[in-house]
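Produce the complete structure using the sequences and hints provided.
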Amino acid sequence: MRISNKKGFTLIELVVVLAILAVLAAIIVPTTFSSIEKARQTADVANLDALNAAVRMEKIIDQTTNPVTYVTAKAAFHNAGIDALPTIQSNQYKGFGWDATNHVVILVTDAANSVAYADFTGTIG
Numbered sequence: 387m388r389i390s391n392k393k394g395f396t397l398i399e400l401v402v403v404l405a406i407l408a409v410l411a412a413i414i415v416p417t418t419f420s421s422i423e424k425a426r427q428t429a430d431v432a433n434l435d436a437l438n439a440a441v442r443m444e445k446i447i448d449q450t451t452n453p454v455t456y457v458t459a460k461a462a463f464h465n466a467g468i469d470a471l472p473t474i475q476s477n478q479y480k481g482f483g484w485d486a487t488n489h490v491v492i493l494v495t496d497a498a499n500s501v502a503y504a505d506f507t508g509t510i511g
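Counted the way the numbering used here counts, the sequence shown spans residues 387 to 511.
Do not rely on the hints blindly, as some may be mistaken.
[Stated by the list, open to error] Derived DSS-like pairs (lysine-lysine); straight-line CA-CA distance at most 30 Å: (1) K392 <-> K424; (2) K445 <-> K480; (3) K480 <-> K424; (4) K424 <-> K460; (5) K460 <-> K445.
Because the hints were derived from the structure by calculation, they are not lab data.
Structure representation (structure tokens):
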């Protein structure tokens, strides 16, 4: 008489474990990618705030009633040590733009320069 002491997992047990892992992966992976994109968008907004801070500083230093223009904003960026515009990190924004009406730097979402976010609550000039 033979006694069988098989050690290991059955096929059903392995399939159940794989199914559980697949469900967990389906939940975790999209959450991780959305968190990464949100962090990239936050970085873009932080860069925008830094650019607009340079614009506001230029207005304070200038002390005239002249509005800040794109040309003077570029000079303000240079004076603040910003020699090139930051790289856009997220997939939502296409680049930085200049809002000539409100005299602020904006994030654009498409080729038509739709404003996505502008750190602007009052008039600069």
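Hints and how they fare:
1. A hinted pair counts as satisfied when its Cα atoms are at most 30 Å apart, and K392 with K424 does not qualify at roughly 50 Å.
2. A distance of roughly 27 Å separates the Cα atoms of K445 and K480; the hinted pair therefore holds under the 30 Å criterion.
3. Note on K480 and K424: the hinted pairing holds, with a Cα-Cα distance of about 15 Å set against a maximum of 30 Å.
4. As the CA atoms of K424 and K460 are separated by approximately 28 Å, the hinted pair is consistent with the 30 Å bound.
5. Between K460 and K445 the CA atoms are separated by roughly 13 Å; this keeps the pair inside 30 Å, and the hint holds.
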